[in-house]
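We have chain P; now place chain U onto it with these hints.
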Amino acid sequence: GDSVTQMEGPVTLSEEAFLTINCTYTATGYPSLFWYVQYPGEGLQLLLKATKADDKGSNKGFEATYRKETTSFHLEKGSVQVSDSAVYFCALSDGSSGTYKYIFGTGTRLKVLA
Amino acid sequence: GAGVSQSPSNKVTEKGKDVELRCDPISGHTALYWYRQRLGQGLEFLIYFQGNSAPDKSGLPSDRFSAERTGESVSTLTIQRTQQEDSAVYLCASSFGLAGINEQFFGPGTRLTVL
Numbered sequence: 001g002d003s004v005t006q007m008e009g010p011v012t013l014s015e016e017a018f019l020t021i022n023c024t025y026t027a028t029g030y031p032s033l034f035w036y037v038q039y040p041g042e043g044l045q046l047l048l049k050a051t052k053a054d055d056k057g058s059n060k061g062f063e064a065t066y067r068k069e070t071t072s073f074h075l076e077k078g079s080v081q082v083s084d085s086a087v088y089f090c091a092l093s094d095g096s097s098g099t100y101k102y103i104f105g106t107g108t109r110l111k112v113l114a
Numbered sequence: 115g116a117g118v119s120q121s122p123s124n125k126v127t128e129k130g131k132d133v134e135l136r137c138d139p140i141s142g143h144t145a146l147y148w149y150r151q152r153l154g155q156g157l158e159f160l161i162y163f164q165g166n167s168a169p170d171k172s173g174l175p176s177d178r179f180s181a182e183r184t185g186e187s188v189s190t191l192t193i194q195r196t197q198q199e200d201s202a203v204y205l206c207a208s209s210f211g212l213a214g215i216n217e218q219f220f221g222p223g224t225r226l227t228v229l
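Chains P and U, in that order, give the protein sequences. Heads up: the first sequence begins at 1 in this note's numbering, then just goes up one per residue. Heads up: the second sequence begins at 115 in this note's numbering, then just goes up one per residue.
Some hints could be false.
Said to hold, decoys possible - What follows is a list of derived Cβ distance ranges for each label pair:
#1 PHE18(P) <-> GLY165(U): 13 to 23 angstroms
#2 GLY41(P) <-> LYS129(U): 21 to 31 angstroms
#3 LEU229(U) <-> ALA53(P): 47 to 57 angstroms
#4 GLY211(U) <-> LYS68(P): 17 to 27 angstroms
#5 GLN155(U) <-> GLU42(P): 12 to 22 angstroms
#6 GLN45(P) <-> SER180(U): 22 to 32 angstroms
#7 GLY41(P) <-> SER141(U): 36 to 46 angstroms
#8 GLY9(P) <-> GLU217(U): 19 to 29 angstroms
#9 GLN155(U) <-> SER58(P): 43 to 53 angstroms
#10 SER167(U) <-> GLY29(P): 12 to 22 angstroms
#11 GLU16(P) <-> SER141(U): 37 to 47 angstroms
As the list claims (entries may be wrong) - Below, a sample of chain U positions facing chain P; criterion: calculated Cβ distance under 7 angstroms:
#12 GLY156
#13 ASP170
#14 LEU174
#15 GLU217
Unchecked claim - Once the Cα atoms are required to be at most 30 angstroms apart in a straight line, the calculated DSBU-like pairs of lysine-lysine come out as:
#16 LYS171(U) <-> LYS68(P)
#17 LYS56(P) <-> LYS111(P)
#18 LYS77(P) <-> LYS56(P)
#19 LYS52(P) <-> LYS131(U)
#20 LYS68(P) <-> LYS56(P)
#21 LYS171(U) <-> LYS131(U)
Calculated from the structure, these hints are not laboratory results. Note that CB positions come from ideal geometry on N, CA and C, so glycine has one too.
The following block holds chain P by itself, in its conformation from the complex:
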């Protein structure tokens, strides 16, 4: 079945460091890919998405490119801030089986130090 694998956390960085959180997927069809973020004490919210190969999603300085050839959707940010400290979830939705349920990765906790 479909699955999402993301790098284990926690990831600890200093402010202004470069961030990469790896995400790879397996899917039978052509899924849409998402990054969701959960800030401390808050609910999950969409960070960015890409619906087809080579699309780049971007928001709040974060970017991720849908790479079909490597089945990846890595999250990057050039300069992290303390306020980026959160748990990041990679997810896919694949409608090829007739349903659009979402599959989430296990989440990666990011801690940014001042």
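Below, chain U without anything else, positioned relative to chain P:
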């Protein structure tokens, strides 16, 4: 407008009791999802409703779990004869239109503790 709301926010119950969790999606959202998030783990898909289509129940872990949705409004997740391993945060999300492309909006969750 209001976001997705869930009630109760916290529920403590004894092993073997039944619990009912409620989700009020955003008005007009045709898709509704239930997930379970155990401590320190990712989101585990439970069930998905899309409009008037038959729900996708493939994520329900056992027959103790069931969910209903009335039209495109409120949904309830029922857990019968609760077990300690059912302790988790139960999240509800809704989205508008074709669920695979559109953003899900999450509720704050119900934290269930089974003693």
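Hint check results:
About 43 angstroms separates the C-beta atoms of PHE18(P) and GLY165(U), a value inconsistent with the hinted range of 13 to 23 angstroms. About 29 angstroms separates the C-beta atoms of GLY41(P) and LYS129(U), a value consistent with the hinted range of 21 to 31 angstroms. Taking 47 to 57 angstroms as the suggested C-beta distance range, the pair LEU229(U) and ALA53(P) conforms, at roughly 49 angstroms. In this structure the hint that GLY211(U) and LYS68(P) lie 17 to 27 angstroms apart at CB holds, the actual value being about 24 angstroms.
For GLN155(U) and GLU42(P), the hinted distance range of 12 to 22 angstroms is satisfied, since their beta carbons lie about 18 angstroms from each other. Our hint of 22 to 32 angstroms for GLN45(P) and SER180(U) holds, since their Cβ atoms are close to 28 angstroms apart. For GLY41(P) and SER141(U), the hinted distance range of 36 to 46 angstroms is not satisfied, since their beta carbons lie about 26 angstroms from each other. Hint check: GLY9(P) to GLU217(U), Cβ distance near 24 angstroms, so the stated range 19 to 29 angstroms holds.
Roughly 28 angstroms separates the CB atoms of GLN155(U) and SER58(P), a value that falls outside the hinted 43 to 53 angstroms. The supplied range of 12 to 22 angstroms is met by SER167(U) and GLY29(P), whose beta-carbon atoms lie about 18 angstroms from each other. In this structure, GLU16(P) and SER141(U) meet the distance hint of 37 to 47 angstroms, their C-beta atoms being roughly 42 angstroms apart. The closest approach between the C-beta of GLY156(U) and any C-beta of chain P is roughly 4 angstroms, which is under the 7 angstroms cut-off, so the hint is satisfied.
Among the interface hints, the one on ASP170(U) holds; its C-beta lies about 4 angstroms from the nearest C-beta in chain P, closer than the 7 angstroms criterion. Nearest Cβ of chain P to the Cβ of LEU174(U): about 12 angstroms, over the 7 angstroms cut. The hint is violated. Proximity of GLU217(U) to chain P holds as hinted, the smallest CB-CB distance being about 4 angstroms (cut-off 7 angstroms). Of the pairs offered as hints, the one joining LYS171(U) and LYS68(P) holds, with about 29 angstroms between alpha carbons and a cut-off of 30 angstroms not exceeded.
For the hint pairing LYS56(P) with LYS111(P), the CA-to-CA distance comes to about 25 angstroms; that is within 30 angstroms, so the pair holds. Annotation: proposed proximity of LYS77(P) to LYS56(P) holds, straight-line Cα distance about 13 angstroms (limit 30 angstroms). For the hint linking LYS52(P) to LYS131(U), the alpha-carbon distance of about 46 angstroms lies beyond 30 angstroms, and the restraint is violated. For the proposed pair LYS68(P) and LYS56(P), the alpha carbon gap of about 12 angstroms is at most 30 angstroms, so the pair holds.
Note on LYS171(U) and LYS131(U): the hinted pairing holds, with a Cα-Cα distance of about 22 angstroms set against a maximum of 30 angstroms.
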